[in-house]
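A.B. asks: What follows is each chain in one-letter form.
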Amino acid sequence: MTTRTFRDTTVLLGRSLRHVLRSPDTIITTAIMPIAMLLLFVYVFGGAIRAGSQPYVDYLLPGILLITIASGISYTAFRLFLDLKDGIFERFQSMPIARPSVLWAHVLTSLVANLVSLAVVVGVAVLMGFRSQAGLAAWLAVAGILVLFTLALTWLAVIAGLSAKTVDGASAFAYPLIFLPFLSSAFVPTDTMPAPVRAFAEHQPVTSIVDAIRALFAQQPVGGAIWVALAWCAGILVVAYGLAMLAYRRRIA
Amino acid sequence: MHVSRLTSKVIGDKTTTADQAPAIRVRGLTKSFKDLEVLRGVDLDVARGSIVALLGSNGAGKTTVVRILATLLRADGGSASVNGFDVGAQAADVRASLSLTGQFAAVDEILTGRENLVLVARLRHLGDPGAVADAMLERFSLTDAGGRRVSEYSGGMRRRLDLAMSLVGEPPVIVLDEPTTGLDPQARLEVWQAVRELAAAGTSVLLTTQYLDEAEQLADRIAVLHGGRILVDGTLAELKALLPPATVEYVEKQPTLEDVFLALVGDTSAGLGAGADE
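Residue numbers (this note's numbering), protein chains in the order written: chain A, 3 to 255; chain B, 5 to 282.
These are computed hints drawn from the structure, not numbers from a lab.
Everything numeric in this text was worked out from a predicted model, so none of it was measured.
Be careful, since some hints might not be right.
Stated by the list, open to error - With a straight-line Cα cutoff of 25 Å, these simulated DMTMM-like cross-link-like pairs (lysine to aspartate or glutamate) come out: (1) A:Lys87 <-> A:Asp170; (2) B:Lys38 <-> B:Asp97; (3) A:Lys87 <-> B:Asp188; (4) A:Lys87 <-> B:Glu113.
Chain B extracted, bound-state conformation (with noise of 0.2 Å):
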């Protein structure tokens, strides 16, 4: 119980700073499947214009409580509220604000990359979505394939169209499912620069991955997830305080490795310019 005082004052703290409504606002949440409790009184922030990473192992409830964001699933209890609006009761508004990037790129297969955009822009009701899918695929350079089925593109590419779908419409809030799993450390790099890019245009960040390295590098605040609640939640070098040093020793190791693999098999500047990349 010594841990949830721990995790209250952290969070006591950080709602002091925003007087609008913040991007994302979890209070108490829960959930059970069957008899497994898997949230268990979640509190969450993520202030307008950050990125807040949820870092957990597998199982943590990490996407738990990204499905219940995105309302896709219900919530036992507690609250939770996007832009201001409520889950439960303002599910259409909840949806026009967020958008959900799921763990695995949810991208029509059959369809050209260019046909996916235009579906998404169709069904946002935007003016133009031709041009809109154009803009998008020249945003993630994927203009050269915007032609070709995305059955044939490679997975960073898959990933990249993924979260270009996401980004039509240019919804305030984006979340982002264990966005690198299962990807190399090229096209992983690639997805890192477009989400540092979103940021820096304002659009609100919750991230969700179980990668430590990745949560350091993009994140402004991290909260950690673990036995259904915020074990901890500040930034980095709050948590860098918090944790054993043992863990931030592993954490600094990985990038060296990376950076032998990037060295050895070429190019690592060329970042979102790269194209396929198979």
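One chain only, chain A, in its complex shape (with noise of 0.2 Å):
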């Protein structure tokens, strides 16, 4: 980024930051569907579940974290598709400014909503029992994990919004990925899933960044899984950028 890009997307960032505070409801309901499912499956169905010797709150977090994105990327969508359609997207798009940032300060703005969602979200799950010995470097792999996963999502955010033509088109496209969790270990584990549906939850992005983050949180070797868990997120981080680069330059010729 050169210096010129990072003071507009600084200024740009600073306008839909302020947007989030003035509608903070924005926040509360990305937190309140997971915080509600928390609930839900610790102390409704977590007592007839079992996935191994942790207490359940401990072993469902790193699924709930994962949801508390996927629903809080959706505002990214519904915010940039309301930037388009009021007109204002086109009116920094004709000032001198650099042109990328418009994007940027939509991207970064979605990453700052969902760290505060998350630490709402951890922060309950403390108050219900939820307990990590985990060290700072731990941690920070857990939060650059996270971080990296909300980035990539964000992007597959900037494509909806860019290329809706409603409003509940724009944050339609984020509930298959709320739901992705229930099909992966988020909930249980894939063992007693039957062999098709246990084949798609093995292979599909949300179990192996449940596992590394849960492996990260009980203090146990990640394995494999952090570098499988890593690698759909730069793939996804990747594919999605293009895709929202193309559907960019698609809607601004």
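Both chains are sitting in their own frames, so use the hints and assemble them into the complex.
C.D. replies: Spelled out as structure tokens, the structure:
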């Protein structure tokens, strides 16, 4: 990034963060569904789920964090869509600014808003008895994976925001992402699933990411899971970024 | 084809007047969307410090011309330059020279009026964005509303703010795309007044409109865009000689109804000074 892009991005980031601050409901609604799932699964279903020796909340939290991100990024598509609809996107594009900064500001806003939501969800989990002995390095590794995952999904949201025809379309794309963790090791171990479901669950990105985060929290060796997780995140990020740029160029010739 | 010969004759008269690069110069501009040929060779000039109205019905391609000038759309053929800079090759210079005010007031609803202006001043890398914003609020009679969120503004206030945002940084060329569409007559007069002040201060203005009286009121020259080409281009007097008299009669009727309306609803002399006009 050139200094100019950096400066313009900072100005526009300030603008969208102000949007988030003025409608704090976007952070609350982002956090509320994962928290509800956390409560439901720990206190209602959790007792009947056999997920190893650790407390179920410890088992569940990594998957819930991914659901938080999946529901949070839909606001990026929403905000981007509104910018396009209101014409302010074109106003920015017709001004002497570094053009990519308009998209980067939305992406960084998503990162900040999601980190806040994640912190809220982790806070609730701690109140519910979540404990981890993980050291600073492990926490940083978890944060790094979550940041990478957020960026990857946010660029997917940028594609949706740039190409959606209606405001519902702009945010609806996130629903499959929110349900992907159900077909993974996020809620229950994959061993009890029927073979085809299990095959899907074990070869989709959420399982490797959840397993890696869970191992980091539990101070167990992460093994190959973390590399598979990072490869998924990086792969989605690169593909989504490329497609977002295509959608962007189609939008602004 | 006889029509295009007429066009080139009118334009031929004009190109000899300015030595300096004109504010806007468009030559043989073409643009198609899939099979639809929207522009089939548009020629247009805006001399420095003048107001040119681009007149055309809905779907005539006015907005397409404007978007190409604002570097939001790439032309298929022909050339266009703003302030001497080519829109294709020197897009960054074009963006620094030109401000676009679109058909729908492109303002940030969630921010206040003042925050909108500060944002634009920051993006244009101006010193003391706060002072720039305050001066603009003053100039457009929005000082009292400056601290309120734009979502509470009336249509006229919104359009004024939109115009103010376009003027931050004092770009030499302003393009107004249907600046009064959807406004009530009072708000329309306010916008007209603002455009006149702009031109008086030396800014070059290209204005698209579908209202004949708007072109008549404001423009030094009027170009009529139809069927993807400029049919005629000239001063009002030149055009009056060309257009059938029936059209002229229709143009003159409109202000009368407006006078009646304004007399009925009250104050007409408020102009820009009017505050909230809901």
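A.B. asks: Compare the structure with the hints numbered earlier in the document and write down the numbers of the violated ones, lowest to highest.
C.D. replies: Checked against the structure, the only hint that fails is number 2, while the rest are satisfied.
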